[in-house]
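Protein chains: 4
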Amino acid sequence: MSHSIAIIGASGYTGAELIRLLATHPSFEIKALAANSKAGQSLGAVFPHLRHLDLPDLVTWEEIDFDAIDLCFCALPHKTSQEVISKLPKTVKIVDLSADFRLRDPEDYRKWYGNAHGATEMQEEAVYGLTEFYREAIAEARLVAGTGCNAATGQYILRPLIERDLIDLDEIILDLQCGVSGAGRSLKENLLHAELSEGTNAYAVGGTHRHLGEFDQEFSALAGRPVEIQFTPHLGPFNRGILATAYVRGEAEAVLEALQQAYAEEPFVVVLPMGETPSTHHVRGSNFVHIGVVADRRPGRVIVVAALDNLCKGSSGQALQNANLMLGVDETAGLMLAPCFP
Amino acid sequence: MSHSIAIIGASGYTGAELIRLLATHPSFEIKALAANSKAGQSLGAVFPHLRHLDLPDLVTWEEIDFDAIDLCFCALPHKTSQEVISKLPKTVKIVDLSADFRLRDPEDYRKWYGNAHGATEMQEEAVYGLTEFYREAIAEARLVAGTGCNAATGQYILRPLIERDLIDLDEIILDLQCGVSGAGRSLKENLLHAELSEGTNAYAVGGTHRHLGEFDQEFSALAGRPVEIQFTPHLGPFNRGILATAYVRGEAEAVLEALQQAYAEEPFVVVLPMGETPSTHHVRGSNFVHIGVVADRRPGRVIVVAALDNLCKGSSGQALQNANLMLGVDETAGLMLAPCFP
Amino acid sequence: MSHSIAIIGASGYTGAELIRLLATHPSFEIKALAANSKAGQSLGAVFPHLRHLDLPDLVTWEEIDFDAIDLCFCALPHKTSQEVISKLPKTVKIVDLSADFRLRDPEDYRKWYGNAHGATEMQEEAVYGLTEFYREAIAEARLVAGTGCNAATGQYILRPLIERDLIDLDEIILDLQCGVSGAGRSLKENLLHAELSEGTNAYAVGGTHRHLGEFDQEFSALAGRPVEIQFTPHLGPFNRGILATAYVRGEAEAVLEALQQAYAEEPFVVVLPMGETPSTHHVRGSNFVHIGVVADRRPGRVIVVAALDNLCKGSSGQALQNANLMLGVDETAGLMLAPCFP
Amino acid sequence: MSHSIAIIGASGYTGAELIRLLATHPSFEIKALAANSKAGQSLGAVFPHLRHLDLPDLVTWEEIDFDAIDLCFCALPHKTSQEVISKLPKTVKIVDLSADFRLRDPEDYRKWYGNAHGATEMQEEAVYGLTEFYREAIAEARLVAGTGCNAATGQYILRPLIERDLIDLDEIILDLQCGVSGAGRSLKENLLHAELSEGTNAYAVGGTHRHLGEFDQEFSALAGRPVEIQFTPHLGPFNRGILATAYVRGEAEAVLEALQQAYAEEPFVVVLPMGETPSTHHVRGSNFVHIGVVADRRPGRVIVVAALDNLCKGSSGQALQNANLMLGVDETAGLMLAPCFP
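Chains as they are written, first to last, in our numbering: chain A, 2 to 343; chain B, 2 to 343; chain C, 2 to 343; chain D, 2 to 343.
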């Protein structure tokens with residue numbers, strides 16, 4: 002039995018990554034690809050790496066016949082996403098990859114994104130898409146909100162530790178390096194090869210990155226009290242990958258054990274032996290997360306490092322994993338590709 | 002029904018690429034992984050990107066029980082390869098990824114590789130592994146010799162043109178850029194990131210590159226007369242990919258038509274519309290070849306450009322495609338992964 | 002004694018490179034920096050790598066007091082450049098880095114650039130800025146036209162060979178790889194890090210690249226008959242550097258000797274020993290050109306490879322070398338920086 | 002008046018960087034270049050980017066006539082360095098770029114480097130080479146110990162804050178990304194382009210990096226009590242550059258003011274306006290340090306980010322700055338090169 006899939010926002014990198022993954026999915030069939038600014042073009046014109054696939058040309062999302070669609074991935078920019086999704090028929094299941102439905106509180110949304118939310122009802126309905134921690138709700142959901150890629154990485158490290166009350170909640174620092182595809186296919190000077198290759202820099206320093214909205218919401222809910230972490234992202238000269246280095250207070254053995262426990266049954270989360278740390282090279286192009294724990298020389302301080310591919314596990318891979326759950330197929334379908342190294 | 006696979010030389014890049022591809026193959030099961038210098042180690046220790054796979058530890062090739070093996074990939078350096086392969090039981094099918102069985106004439110082998118061939122009988126038996134052109138023989142073969150990655154790229158451009166007598170055989174120039182993984186996982190100064198990134202250089206200039214042995218053999222056989230092309234490879238600051246730019250004399254329309262004809266039924270070779278040229282970015286991590294034809298401003302001169310991934314279609318992907326044929330399974334099994342872009 | 006310098010178009014890469022070089026020039030003083038779209042900003046805001054320099058803020062070019070300027074570098078896009086330069090007082094010496102005054106024939110200009118030339122008188126007056134070959138005329142000139150960066154690289158290889166009648170004029174192929182800074186600081190999708198890193202492609206294939214206008218003009222003039230070469234540029238995943246690989250018909254010894262002779266007294270052109278070829282890594286950030294000659298295995302065919310830094314020797318370094326000549330100071334002033342490797 | 006310079010260890014990256022800088026130094030003349038493993042070769046054979054320089058061939062250090070040398074740079078690996086330096090005549094001034102004379106306490110040396118120190122007397126004599134903080138002592142010294150490149154970066158951030166008692170000494174975290182040239186020209190698998198490009202990883206996690214010996218020594222001395230920071234370096238896919246992100250407890254305004262004060266007269270240290278942070282791109286190839294301060298959203302927490310070029314300001318540039326002081330010439334001689342961007 003096959004399922005009919007639509008993708009809105011197919012001309013961006015997360016759209017392309019969805020199509021890459023769906024190319025080998027056993028039961029999902031792409032029935033419609035929308036990208037309003039490029040409607041009428043073939044997918045191969047927009048993404049030549051996908052030219053070998055036999056897929057429908059790009060249309061506007063308004064042209065899609067949603068009666069024939071089981072599930073729709075929406076890979077639009079935030080704000081546009083809520084506008085479009087609120088107009089889709091309620092019969093179609095939706096995985097949204099934008100930021101629009103990640104935050105449950107309209108005030109939080111306004112605070113981090115600068116505009117009032119235009120679909121607060123759906124905001125309430127949406128299930129937060131961090132698969133490993135919202136699996137049951139996702140399976141039942143009509144609308145799933147894909148997480149921020151940095152937000153996902155940090156939570157893979159910190160959720161099990163907060164949940165088990167193993168670390169000092171007031172002393173969490175998350176230092177992170179993100180590859181450039183996280184910024185999307187947008188024409189900005191700092192994303193040019195000439196500006197970005199051969200060096201690195203921090204950005205959104207001091208607590209201004211929007212993914213902090215997700216951290217605050219999720220960690221505070223888990224802890225039952227407000228939790229505010231420090232978070233500094235850096236932009237690295239590579240296309241795919243996030244490496245998050247977390248500084249926490251606790252005991253390394255307990256931290257490792259908690260992570261091992263939390264992810265023992267997870268198909269995509271690999272916890273490394275004590276003292277080993279991961280590399281983004283080794284998850285590139287895949288849906289895997291690698292996590293490692295090291296005790297600092299200073300007692301009671303622990304460093305935890307996690308690596309994932311921002312486009313895959315941090316975005317489109319997660320979206321597909323959730324879609325699998327929502328449509329009742331094997332959660333790992335289309336996602337067992339091994340990382341592409343070197 | 003499943004087939005039992007062994008890989009000798011599993012600690013190099015082509016070995017790793019084989020394992021990456023086999024990870025989603027529907028019917029091949031890896032039963033043994035050999036790497037004599039790393040025997041006893043887990044695969045995850047040698048290639049952390051493959052640590053999620055449930056695979057046997059590395060052994061020496063002598064430890065493999067070949068009675069239980071249907072097909073063995075041999076990804077050793079040349080010379081070592083012939084020594085090992087000549088000791089394997091004749092019952093096991095072999096796809097060799099080294100240079101040892103590519104040249105049919107022992108004298109040619111000595112000329113290009115500097116040593117006498119130690120297994121001339123097998124050299125005679127081996128089928129040249131350029132799938133699209135040796136498909137029937139490969140399906141029947143016991144020993145298939147994987148082609149050089151540069152040699153494959155050049156042949157995808159030139160074979161149909163030579164075969165159809167469309168170009169001047171004395172005026173063929175092949176200019177090529179190859180990614181660094183083509184040099185393998187070897188500790189050489191010029192392969193260090195600090196030496197190789199952020200620039201490019203030619204190497205083996207003037208007709209000394211060993212893949213010329215394959216070009217000479219194949220093109221001369223096709224033409225029924227000696228053909229010697231000019232060939233200049235360059236080393237580019239990227240890991241995967243070969244871009245070959247061929248300068249030939251003929252008519253662009255006829256050239257394009259010949260390529261379209263030759264590859265019309267091929268699952269992995271995409272011929273672009275007249276005037277478009279390919280990019281290695283768009284085949285990275287995949288088994289696809291993209292080929293484009295452009296007429297030069299000077300009448301009677303044509304430029305043909307081809308792009309493939311040296312580790313995949315140029316080596317391990319080709320090897321798997323051949324193995325599929327040899328074991329009678331769908332030729333594309335395990336190989337339909339879309340390119341990994343960006 | 003010092004000279005007063007202005008730069009128009011200071012917010013692009015060639016403008017920045019001029020300022021980098023002038024930072025250690027013994028006698029040139031930057032008096033004005035113009036960039037109309039960024040007028041009012043500090044240079045450090047536009048190019049943070051130059052923030053340590055004590056320089057005037059950006060102004061519009063109309064605001065510059067040209068009475069106080071000895072020489073003006075003009076680093077604007079073509080077409081804009083001719084419009085601006087035709088309005089500058091005739092008392093100021095000008096080195097133009099655009100394409101506007103490279104071609105002497107207005108028809109050639111229209112053919113390659115698509116618009117009529119608006120300052121044909123100045124077009125006639127301008128001296129072609131390939132220093133080593135136009136040194137005397139440059140020293141006397143009021144207006145010098147900087148060459149195309151690819152055009153410079155090809156001419157360093159081919160001029161001495163054509164001039165000495167050493168090669169077949171109908172059989173010249175120039176295959177070239179160019180770093181991305183050659184495309185300037187422009188917001189184009191294909192210049193994004195995510196699109197360009199980790200791969201390569203050809204562009205302007207078949208004889209459509211505008212620098213062919215320069216090749217045709219210069220080589221035909223040298224030969225006293227029309228010369229049309231074949232030229233294929235590739236875009237490489239590195240910021241600085243051009244590697245040109247030329248295929249010519251002639252004798253390698255004679256070719257090498259001609260190059261050695263031509264450049265024996267040149268401070269910036271290094272001819273390598275027979276059989277050695279250069280690398281862009283080894284000229285990065287400098288005004289040097291490295292050239293190497295190799296005999297092909299096929300008699301009578303020679304490969305010549307040249308490397309230079311497109312932003313420096315291919316553009317701003319050349320411009321400064323010419324300015325030095327025009328103002329009667331040591332030709333190498335400010336230009337002896339060693340390449341930046343690794 | 003000129004000074005005669007020797008370099009021992011001229012075949013490594015820091016040796017090459019010294020030669021690059023000395024190429025435009027107004028009064029230092031290179032009289033001898035030693036590299037025992039490559040003695041007899043020309044410098045151009047070992048470093049083709051320096052082939053245009055008219056320099057002596059490589060010799061063994063034993064062959065150098067030290068009577069004719071004013072100052073010797075020693076760019077050998079640690080341990081070898083102390084063995085060689087202890088045999089040099091006491092009349093020659095020495096700037097050592099190894100780790101051998103950075104730590105004053107022989108026990109500290111043994112702890113961090115694993116072997117007993119073989120020249121403890123000289124260890125005592127050596128002046129720590131962080132120019133801005135040891136300027137007077139350096140000017141008088143016979144033997145100056147270049148600092149670790151990471152150690153320098155961290156100290157530029159932290160010394161003024163510790164000295165002025167502005168931050169909590171028990172709560173300092175330094176997270177750092179270092180380019181690959183910091184690892185030298187050594188043949189290690191993880192330094193290959195294929196392994197290192199397109200991703201990042203942490204290393205020496207948990208307080209095991211040797212530069213912590215320097216931090217502990219210097220910060221404890223400054224504070225008058227033991228100070229132990231947390232320090233996590235990462236290896237980034239770029240050749241040059243260190244970006245250090247420090248998490249400290251204090252007030253951002255006071256922190257910024259302290260840094261502005263400390264570096265007000267420094268020619269190479271640029272403190273950015275409040276809220277701006279630096280990028281390694283903008284110091285590449287230069288002797289400049291850029292430092293920026295941002296207040297975190299959590300009161301009392303401050304992030305300070307510093308960028309420098311590990312090979313230049315972090316190593317050879319610092320060495321030259323110190324040599325200038327030791328020989329009484331302008332401290333900035335040979336060091337005012339603007340960064341090479343893009």
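Think of the hints as simulated: they come from the structure by calculation, not from any bench.
One or more of the hints may lead you astray.
Claimed, not checked - Pairwise CB distance ranges (calculated):
#1 C:P27 to D:G185: 55 to 63 Å
#2 D:Y204 to A:D171: 26 to 34 Å
#3 B:G41 to D:K80: 30 to 38 Å
From the three backbone atoms N, C-alpha and C, an ideal C-beta is built for every residue, glycine too.
Here is how each hint holds up against the structure:
1. C:P27 to D:G185: 55 to 63 Å: Violated, since C:P27 and D:G185 (Cβ atoms, about 35 Å apart) do not stay within the stated range.
2. D:Y204 to A:D171: 26 to 34 Å: At 29 Å between Cβs, range holds.
3. B:G41 to D:K80: 30 to 38 Å: holds (32 Å)
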